[in-house]
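Enquirer: Sequence:
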Amino acid sequence: ERRSEYAARSFDRVSVSTALVGTLCFTMGSSTFPMWMTVVGGFLSYFLADGCTYSAGILFTEFKDVFHAGSTATSLLPALVYAIPQFMSPFICPFTAIVGYSTAAAWGSLFLCISFIVTSLAQEIILTYFAYGALLSLGLQLTYTAAFMAVVSTFKDSKWLGLACGVMVCGGGIGAFATNHLLSWILSFWTWREALTLQGGIFLHAWISAALFYWLDERATMQ
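Residue 29 in this note's numbering is what sits at position 29 of the sequence shown, and the numbering runs on without skipping anything.
Accuracy of the hints is not assured; some may be wrong.
Here are the simulated distance ranges between beta carbons [as the list claims (entries may be wrong)]:
| id | residue 1 | residue 2 | range |
| --- | --- | --- | --- |
| 1 | E124 | E194 | 18 to 28 Å |
| 2 | V169 | D65 | 28 to 38 Å |
| 3 | T221 | F60 | 38 to 48 Å |
It is worth saying that the hints were derived from the structure and are not from the lab. No residue lacks a Cβ here, since even glycine has one placed at the ideal position from N, Cα and C.
All chains should be modelled from the sequences, with the hints used to inform the complete structure.
Expert: Here it is in structure tokens:
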């Protein structure tokens, strides 16, 4: 009897949740709900990407001490993270338009995760230039571009385009603020190698954005 009661209560909770989501979708319209979910995906992408970019300097001292490198050699790492994504834009934007926003965001999250894990295993700063510099930059630009193009494509004919882009970009500011404090807190408990591994898992969550962009790719395929 207890199991039956528990199952009934669980079913009721699921039914209520389903009804709420269904009502929300009906109220907002059949296409409005996924459109704003795209904004959520863009917000998350910018949150993670800007958080990754603007927290790069926190590891400066760690890299300098571990690799016994000079200030100039070590400062090249954050410089690569800031510069390379911009240089990649003329190539990444057409690539994203071809493969789709969801696919580009998924690859971006994967590259971000791999770059942190490889960097955590690095014994020479040269490998760090490749992993934390080039590979991380590739993941960042794929994440940025997929989010921006997805939101603009979704709202290009809507009066809400400005608000949608504003909410998306707002994620970058919040991410830059939050990630610096989060990384500092992580380094107070774990080594820099362990912190990088944890970051790899955190930034893999950009995959959620890829899932939220998937309906756009499906719509483009049907058209």
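Enquirer: For which of the previously enumerated hints does the structure constitute a violation, in increasing order of number?
Expert: none
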